[in-house]
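> Now for the letters of each chain:
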Amino acid sequence: MIKETPVHFHRMKDMPSSHLLGTGTPMCSGCGGLETLHNMYDILGEKTVFVNAAGCMTLLSVYPFTPFRGGWLYTSMASAPAGAQGIRDAMDILIEKKKLSADENMEVVVVTGDGSAYGMGMSATSGAMDRNLNFIYLCYDNEGYGNTGQQYSAATPHAAITSTSKGSHGYPGFKKDLFSIWAAHHPAYVATIIGAEPLDLAKKIEKLQAMEGPRMLISLAPCPTGWDYDPKLSVEIGHLAVQTGVWPLKEYINGKVTHTKIPKQRKPVEDYLKLQGRFKHLFQPRRDEQAIAEIQALIDTYWDNISE
Amino acid sequence: MTRKLLTGNGAAAWGARLAQTDYIPAFPITPQTEIIEDLSIWIDNGDMPARMVTMESEHSMITAAGGAASSGVRVFTATSSQGLLHGMEMVYTVAGWRVPFVMVNVSRGLSSPITLESDHNDIMAARDSGFLQIHCSTCQEITDSVLMAYRLAEHKDVRVPAIVNLDGFYLSFTREPVELPDTEKAAAFVGEFDPENLQFKGSAPLSQAMAVLGGGPYSYFRYEAHLAVERALSVYDEIADEFADTFGRRYDIIDNYKMDDAEYVFVMVGSFATKAHDAVDSLRQAGWKVGLARLRIFRPFPQEKIRQLLKGRRAVAVIDQNISMGMGGVLHSEFATALYGIKDAPAVLASFIGGLGGRDISQQEFFEMINEIKQACDKGVSPAPRLLYTQNELTEIRNLQAIAHAEHAEIQQKKD
Numbered sequence: 001m002i003k004e005t006p007v008h009f010h011r012m013k014d015m016p017s018s019h020l021l022g023t024g025t026p027m028c029s030g031c032g033g034l035e036t037l038h039n040m041y042d043i044l045g046e047k048t049v050f051v052n053a054a055g056c057m058t059l060l061s062v063y064p065f066t067p068f069r070g071g072w073l074y075t076s077m078a079s080a081p082a083g084a085q086g087i088r089d090a091m092d093i094l095i096e097k098k099k100l101s102a103d104e105n106m107e108v109v110v111v112t113g114d115g116s117a118y119g120m121g122m123s124a125t126s127g128a129m130d131r132n133l134n135f136i137y138l139c140y141d142n143e144g145y146g147n148t149g150q151q152y153s154a155a156t157p158h159a160a161i162t163s164t165s166k167g168s169h170g171y172p173g174f175k176k177d178l179f180s181i182w183a184a185h186h187p188a189y190v191a192t193i194i195g196a197e198p199l200d201l202a203k204k205i206e207k208l209q210a211m212e213g214p215r216m217l218i219s220l221a222p223c224p225t226g227w228d229y230d231p232k233l234s235v236e237i238g239h240l241a242v243q244t245g246v247w248p249l250k251e252y253i254n255g256k257v258t259h260t261k262i263p264k265q266r267k268p269v270e271d272y273l274k275l276q277g278r279f280k281h282l283f284q285p286r287r288d289e290q291a292i293a294e295i296q297a298l299i300d301t302y303w304d305n306i307s308e
Numbered sequence: 001m002t003r004k005l006l007t008g009n010g011a012a013a014w015g016a017r018l019a020q021t022d023y024i025p026a027f028p029i030t031p032q033t034e035i036i037e038d039l040s041i042w043i044d045n046g047d048m049p050a051r052m053v054t055m056e057s058e059h060s061m062i063t064a065a066g067g068a069a070s071s072g073v074r075v076f077t078a079t080s081s082q083g084l085l086h087g088m089e090m091v092y093t094v095a096g097w098r099v100p101f102v103m104v105n106v107s108r109g110l111s112s113p114i115t116l117e118s119d120h121n122d123i124m125a126a127r128d129s130g131f132l133q134i135h136c137s138t139c140q141e142i143t144d145s146v147l148m149a150y151r152l153a154e155h156k157d158v159r160v161p162a163i164v165n166l167d168g169f170y171l172s173f174t175r176e177p178v179e180l181p182d183t184e185k186a187a188a189f190v191g192e193f194d195p196e197n198l199q200f201k202g203s204a205p206l207s208q209a210m211a212v213l214g215g216g217p218y219s220y221f222r223y224e225a226h227l228a229v230e231r232a233l234s235v236y237d238e239i240a241d242e243f244a245d246t247f248g249r250r251y252d253i254i255d256n257y258k259m260d261d262a263e264y265v266f267v268m269v270g271s272f273a274t275k276a277h278d279a280v281d282s283l284r285q286a287g288w289k290v291g292l293a294r295l296r297i298f299r300p301f302p303q304e305k306i307r308q309l310l311k312g313r314r315a316v317a318v319i320d321q322n323i324s325m326g327m328g329g330v331l332h333s334e335f336a337t338a339l340y341g342i343k344d345a346p347a348v349l350a351s352f353i354g355g356l357g358g359r360d361i362s363q364q365e366f367f368e369m370i371n372e373i374k375q376a377c378d379k380g381v382s383p384a385p386r387l388l389y390t391q392n393e394l395t396e397i398r399n400l401q402a403i404a405h406a407e408h409a410e411i412q413q414k415k416d
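Heads up: the protein sequence lines correspond to chains S and Y, in order.
With the working numbering applied, the first sequence covers 1 to 308.
With the working numbering applied, the second sequence covers 1 to 416.
Hint data in this document are derived by calculation from the structure and do not stem from the laboratory.
One or more hints might be untrue.
[Unchecked claim] Derived list of chain Y stretches under chain S, where covered just means 3 residues or more per stretch with a C-beta under 8 Å from a C-beta of chain S:
# : segment
1 : 49 to 55
2 : 208 to 214
[To be verified] Selected chain Y positions facing chain S (in silico; Cβ < 10 Å):
# : residue
3 : G66
4 : A69
5 : A204
6 : P217
Heads up, the beta-carbon is just placed ideally off N, CA and C, and yes, glycines get one too.
Same shape as in the complex, but just chain Y (with noise of 0.2 Å):
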């Protein structure tokens, strides 16, 4: 086991390295081109058994990505937003061809206005494809991340592909102390790829990925997939356990801090929980009883989990780092699903909207979230939910607005 200081997208490209992968469609886009560049000087350089070919969009790259799964081999891509979009017919498309590879996917947020930091808007946009969603909150995690999710897409019970998520910037140009496994280990955990009826040879005719007639058969397959990405929840537990035992480090479908004996709870995925963790640890001693469960695997989605894990709790305050618009936090809904109808669910579920494009969520803001659901509970009302602003980036877009404006005017005044 090697120690290095390793950025997000530096640990991705070591997982998909260890994870002995045969080949990798790449595309650049910001923030997650380190990790192609990473890849592709290792297989220069002899250091990685793989292929690795330059498409020339995200739509062509996961294309290929299915083609070469559909053939037998292991295969990893990466991308992030934009390009996640791009490709976004072919995660569907793909997913349903039911060919197990894993694809990284760098969190930044969508156009418009386009920008280059994160939030998680855009694997949202993959939530229901098919794929499974894996989300890191640290560099260690990631790299042991991409080796455990091989594990699950290529278990015979599961077969579809896997999005292992990661922050943008937070955590993708972020270099943190990361345990590499041993080559000759990490082989052994993930194991040959076997690709069971995913070929194409001479002596074997094949059709796959075949269009079907009528509803009948077309919701069956799709059935189908529905039930396999459920079962990869069982799946992960035994995985998750051969894991810990290997390599020491337990990584469960959700991780829970301070959870014991909390009664005010915050949920969230990805890296700003561990901001949430330090709030924890500030509002524990003023003596609120706070916990923190950051749910690592988003598809499937762990409903019982979720319902043993929060009944009785007093209130949840859901913390979305996207949004939808017209309705609000996308993790909400789907923790209000959940909770919905089951006896002990906490009488507040509260939702906020924070983080996007790269915003920060401060401790002080933490704090507020925990104080408003603790009124909201001693009311007995649920709040409306709410969009995380503060009065100095008000100040700051309306000076930004009034250049804009300024600017305007000057023109106008030219051609007058």
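One chain only, chain S, in its complex shape (with noise of 0.2 Å):
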């Protein structure tokens, strides 16, 4: 399925300058999503239809004006999938009656939040795969309903303070892990990406572009109102988020999968906890060591089984 491309992404001075996406969007200073999406745009480049749930990425475009040079459909909460099937059904049947010509074809981009992503708009993104459908979907990953003022959501890691669970001990349950669902369907591609590494993200949206199907991108989207910290810590969080093992970068592709960046030797997880204001109950007013040491062992456990 992967057509024979040249890499062009080798290091950092290789990656585009072109900055597509326009600014002054009403986004979060420091917002980890709008850091992938730039990334990811840059590459994909003008010709994207963007299809999107609700979610914070909604306000993008708030008429009359939008950031992106190229098309952009808000759905519901619940279909943006769907959506993008009934764009890439259209303008299949455009071309193949020839009203379109084959150049005037764009790439479909769901863009959906977690809140999405790993619960209302499951169903379907699972359609979607099970037909086999030709898009790419961006799910930008902050770990809440970020919009809504962060309440919890089947993405948020066990112990956060989220909105709806602001007790001592945070959020009891665990992190959904969507990665292993959306490879269950088999689709052509699936990956962990996050902004702060824009090198293993480019190499990545390269090698989907060289594919067809369902291409499924879930990127960590370290985000300062939410997770409560200083803007300016987003891509030190997010380099953290690698570097202490908590955010796996990997990607799934023919019933296989690969990490893309093993950390050689990871940091403790409270280097990446600590910098959290959603975390700062593990630590002040006395360290919880029980909690903190539990989710450490979630992550070594995680490590133990890869073997690459």
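Both chains come to you apart, so use the hints to assemble them.
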């Protein structure tokens, strides 16, 4: 399925500096989701239609302004992949019937938050993968219903304080493994990415551009307002998410999962946790050794099973 | 022109085929399934150059319909009852996108209790969405209405989606002779779809369905949609004239039967009007001046036509196959709105609710309704809303309740 294409992105200076995404959006400063979208858009280019589900990014296009140079369609919280289906099928029909020339074709890209991807939109996403829809899906995962004030979602990590888990132990549940759920559908491509690792992200976008079918991306999206930290720390927190092993960078192709950036010496998870207000209760007024150890053990167990 | 024996579902599928539909997002639900089964076999056999995709829900189906229509292809889809409600968020949403496509709804009662049989609460729930609504009473009317619905929805002054409604079982599964328009004639009547500004293409950036901030822009777009739906009334008359000239069948906004000198009038929508038709004939034979006004276009609501039609009549019986809990019949309220304060409005506008969940409305009941509104006129008092139910039906449900209670008691006894 993968065509032989030269790899353009070897080092940071290979990255495009086109900055296709317009400035002045109403996203919060330090938005990790926007960082991912910006990096991704430069590689995908202008011939893209973004199909959006309810979330923070819905506010990117507010009449009459848009930061995009291509297309945009807002659908609903649950059905963005179905909107992508309609657009993809319509463009294919028009091209087939010669009512649209092939060079007018556009890449259809669903963009939703974790609230939609991990929950309400899961059925529509599953259906789109069943039907082998030729599209890209970007989930910007800020681990909670961010646009409504960071209530916990199925993507919220264990122990995080959210607007609906304010107790002394935070969120009692565990983050859902969306990567595995998506991969179980055997789509063309699934990958985790993060804006703070633009080279890894660029290589993955380049790879999926040579493919057809469902190409699924989950980006951890550090969120200053939802995670309670200074916006200037977004990139650092992103790096730490990878270096501590909290956010494994990996991809799924043809039934095989490959880790694309394995931290040689994993930093302790508390380096990542202690920068964020949502985990402050693990350190103040006194260290909650047990909770920190539990979180560390979850990460260690994950990586113990990774043999690359 | 070919004459075929078709079910209402078959007639709906033929409408979509003759309208040269490009794309059909689908999801099966009883009693609509035959529509998408017919279309799929035609597509598979190469008889219909369209693409069909079965979605995983009606919510997604209507999203895909809107997405495809917003990209410039002609779309058809069909649903019923719970499906329409499951997709209701998107019914409202895609109407706001101002994308013209046609959706057939096969009316079926809503849960709870769950049933497969027909009434109009499903379609009434879509009343305020921005979809046009055409209600059919025969299989012939279904094919013809689908063709007209495309013309109406796609008209440059309208540009909203349309629902063609037919009753589950009474029409969906009932075979009637249908004269199918010739393929070429139908194609010429419907015409090529002009997407106007609906498109996504590489060389022309376009955002659709964007958010707005503030009530000003929001109200503007909502008012625009309302005015567009209203314009469908005058546009419809032109289309109906052209349809009559082309195919020899005329469909007015209100289908009148023996209305010229009628003093007492039945008002209703859908296939049960054919039963009222028979009742009018019987009552006329008995010397009563009775007529029937069947509303075909329910959205936009033809207020002025209703006023002209009903002023000067003695009494009107509005029959609703729907029930708004705590209020009564939806049609009745709408007719009251249209007639309020009008000079020479009928003195009596009575509400009758019947035909819920496939329940019949018998000829005897039609006679009773006329008797009741006549008496109300004589007394000068409007009657209270009536929920049609017979003594036999009450006995039947009491028997079922007795069984349920006996079973419950038996289980309790075993526990003790």
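> Would you pick out the hints that fail for this structure and give their numbers low to high?
No numbers; nothing is violated.
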